[in-house]
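*Asks:* Letter by letter, the chains look like this.
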Amino acid sequence: MNRALFRLSLACLVMFVLLLVNINYVQGFEASSLAGKPGNARTFDQQFQYQRGSIVADGTGGPLTIADSQPVKGDSTSGNAIYQRHYPHGAMYAPITGYDTIYGATGIESAYNKYLAGTSPSLAVHNLISLLTGKAKQGASVNLTVSPKAQKAAYQSLLDDGGHQAAVVALNPSTGAILAMASYPSYDPNLLTTFDGAKLNKIDKQLLAEPSQPLLNRAINQTYPPGSSFKIITSSAGFSTGKVAGPQATIAAPQPLTLPNGNSLNNDADEDCFGGHPQVIQAFLLSCNTAFANIGMKVGGPGLQSQANKFGWNDSNLTIPMQVSPSVIPRIADKSLTAISSIGQLDDQVTPLQEALDAAAIANHGKVMRPYLLQSVQAPDLTTLAATTPSVLTQAVSSQVASEVGSMMVQVTQNPQGTAYQTAGPPAVGSLVIAGKTGTAENTVSGAGLDDAVFTCYAPANNPQIAVGVIVKGGGFGADAAAPIAVKIIEAYLGVH
Amino acid sequence: MLAFAVAVVLFAYANVGFGLNGKLPAGLAEYGLAFAAIVLVAHFAVRKLAPWADPLLLPLAALLNGLGIVMIYRLQESGRNGNPGTQITTISSSTTAAQVMYSALGVAAFVAVLFFIREVRVLQRYTYTLGAIGLILLAIPAVLPDRFSEIPGTGAKIQIAIGGFTIQPEQFAELALAVFFAGYLVAKRDVLALAGRRFLGIDLPRARDLGPVLIAWGVSLLLLVFESDIGTSALFFGMFVAMMYIATQRTSWLLIGILLFISGAYLASKLFSHVGARFTEWLHPFTSANVFCNPTPAAHCVSSYQLVQGLYGMGVGGILGTGLGHGQPYFTPLVQSDFIMTAFGEELGLTGLMAMLLIFGLLVQRGLRAAVAARDPFSKLLAGGLAFAIALQVFIIVGGVTRLIPLTGITTPFLSQGGSSLLTTWALVALLMRVSDTARRPAPQPIQDEGMTQVVRAG
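These protein sequence lines are chains G and F, in that order.
According to numbering that gives the first Met the number 0, the first sequence holds residues 0 to 496 in order.
According to numbering that gives the first Met the number 0, the second sequence holds residues 0 to 458 in order.
So that you can see chain G by itself, here it is in the shape it has in the complex (with noise of 0.2 Å):
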């Protein structure tokens, strides 16, 4: 019987090690990604527990704090949270703070959730020392590339434009960092930090069914034709593939081309376009349809995507570190269609980020900067965790070409016949030199109304240091309604006037 016992007791060591095994898996392996299974009604409840660091806007004009935690005024609701999210700046600030709630976080919050609720691998040591020392656990605070002054411009000139949805994003074109991203119309991030779920849902409901889609951040989520701002990537293709010598080459710009398939393209208000043979330069700054659907043809669909693809569209994977959704241009090997394409009609779609991106391009000798919203992450201790270094996200043209086009861009504000001119070339900013590119689309998808306004730029032409992409859904003409959004971006943020 003895054997049998042996055997028995082995059996009982084997039961045992496979129960030690388990819970080293659960306890030690699983342990992480538990925290962030549906129902973990803990990880729920110890959020709002300890002070969930701040998110600051620390470019020009800050540091200005845009979320933080405060301690909860306790109602039955609350239960054991002892700090509730604020967001004292609300609305303003939502497309980049996003929204931290009970069921879940968008946004910066979400993104840099390891760091603001303190479970980054890398603060760990900071969190056993405050368990040593009985201080509270707290998380660490995101500074942000965003300037408080460029930020504040850019929602209240959406705001003030009378309730057109419209998107704003200001970067650094020799960094990329991002100084302002705002989206109209917008909510209010307060209105979801309430700890009774029954609320939350009800605002939540109502918030996602109000047409004008408040919760959609407009800025990089959502893409509209560009219009005529995308002449200025099918100049650079041209110039480019060498098939237009330069700004200084002649262009047929006859009013009405006839396209290949039979079909008539005209210039806006069937313009005469400096009679019909402008240099490329003449045709930009007025705006001619024909000459540039004539550059489009002689690059081709191929090329011409393929210029959009180094200036960054269609890539589907970019983050600021919120998931950014690509701008479109479609691989067309027709040649009607291509010219219809190179005027930015036709399938091309844009973000109003990707506007801004082309400027920069632009701006910065061709080099796409990688845009980005982190400047640093901070420990409750004040040491640095994390800080962005910028980094070139693609070589859209060369420096040669980026000057060229950059040379045309600053004719469409100087220029008195420039589409700008009135409205962002001196008898709107004075001496301060911008270089743009307008543009007024027609918006098949929204049908009825007005086109699409659409404007990007880069100021000061001479030492750029901010590039702006605007888009007013149904704003009218692009320097009408757009140009001026931008300006006042520009000055807030440059500080003149």
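Calculated from the structure, these hints are not laboratory results.
Each hint can be trusted.
Below, in silico cross-link-like pairs of lysine to any residue (SDA-like), each with a Cα-Cα straight-line distance of 20 Å or less:
1. 36/G / 279/F
2. 136/G / 322/F
3. 366/G / 389/G
4. 36/G / 282/F
5. 297/G / 241/G
6. 136/G / 20/F
7. 36/G / 283/F
8. 136/G / 17/F
9. 269/F / 259/F
10. 36/G / 332/F
11. 136/G / 321/F
12. 36/G / 291/F
13. 36/G / 281/F
14. 136/G / 83/F
15. 242/G / 336/G
16. 36/G / 24/G
17. 136/G / 18/F
18. 136/G / 84/F
19. 36/G / 285/F
20. 204/G / 105/G
Stretch by stretch, here's where chain F covers chain G in the computed footprint (C-beta under 8 Å, at least three residues):
21. 0-14
22. 18-25
23. 33-41
Every residue gets a Cβ at the ideal spot worked out from N, C-alpha and C, and that includes glycine.
Keeping the supplied structure of chain G fixed, place chain F upon it in accordance with the hints.
*Replies:* Only chain F this time, still in chain G's reference frame:
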């Protein structure tokens, strides 16, 4: 050793107080003294009644019992008397006092067993009596109306509720049946081991010898069906098969037992929704539909809420744990009974949980050692079966709450809240100590002065 066990428990108890509100807990003197007194009584009983018994068994049992009381106190205090946390409604403010009282009763049972059973072999005389008692104890809740026998909200019919007082007779049935199995198998082991044919290299038993196995199988299945108590059914059947194996040393019994169990479990999972649900819950615990399931007669969903909350607690505990009183075990429903190990995992961490499993392992090992040392087959079988039953019970419940195997409700020996389980486990340890005492007792000294003897010399 015993003093060390008491010191660990008192330290843990004080720790709970510091963890909860930074003060020494209110009942330190009362509970601490009561626990020390209980352990002291057990100690003197052992010195007097079983002096040769394995010296490690009592300290191990006392340590586990003490830690159980500490955790129940910690859970009781959650949200009460100004302490942090949420109040656990299934625990009343006198639960710890009750648990200390049950411990006293358990030790009383322990002393009684040592006092009345001076030789384990005497139990062999009552083989069939105890077998009948065991079956009756098992059957009572099944035939009682639901309002007397069902644990509210669980569907398990395993208790007898009279007034505010409940007992779970199956716990006592475990001991009675273990004695019955041992007695029966000792009587029949030769027949079971030797008769039969060889088939495919395995010795097959005769068909009529299969009878008792099939009866045990049937009883455990009935238990499962009528009382919805899968864990206990698996425990009884496992204990029986193990004892069968010790008695006959034939692998065929082991294989037959395992096959029967697997086919029984499979059939039950197909036939009875509450058994099938345990498998679904085990395989897909994190599916939102299961976590947030709110079972109503209309919606047939499987609620894994309790299981995942236990796992989440262990996840929060991680390697070192949150510390006693710093965790949030109150999020796991009914954490004080089946899920108490997850509360230890949360507050003492992987480290503490491993230490506690090793204590259980040691207890089992000392029990098996007593079985090996025992001289008569009945004691060997009984001690071996009981020691294995502890191991299996720990495996079933800890494996269940840590998602190693499908979760089946069963108490954690010594730790879970409740008197029946504590009483049984203390009595079980007493039996092991009696076996160990008998085995290790030195042989009686031969009488020196035998007077004159006549030497017969063969020529």
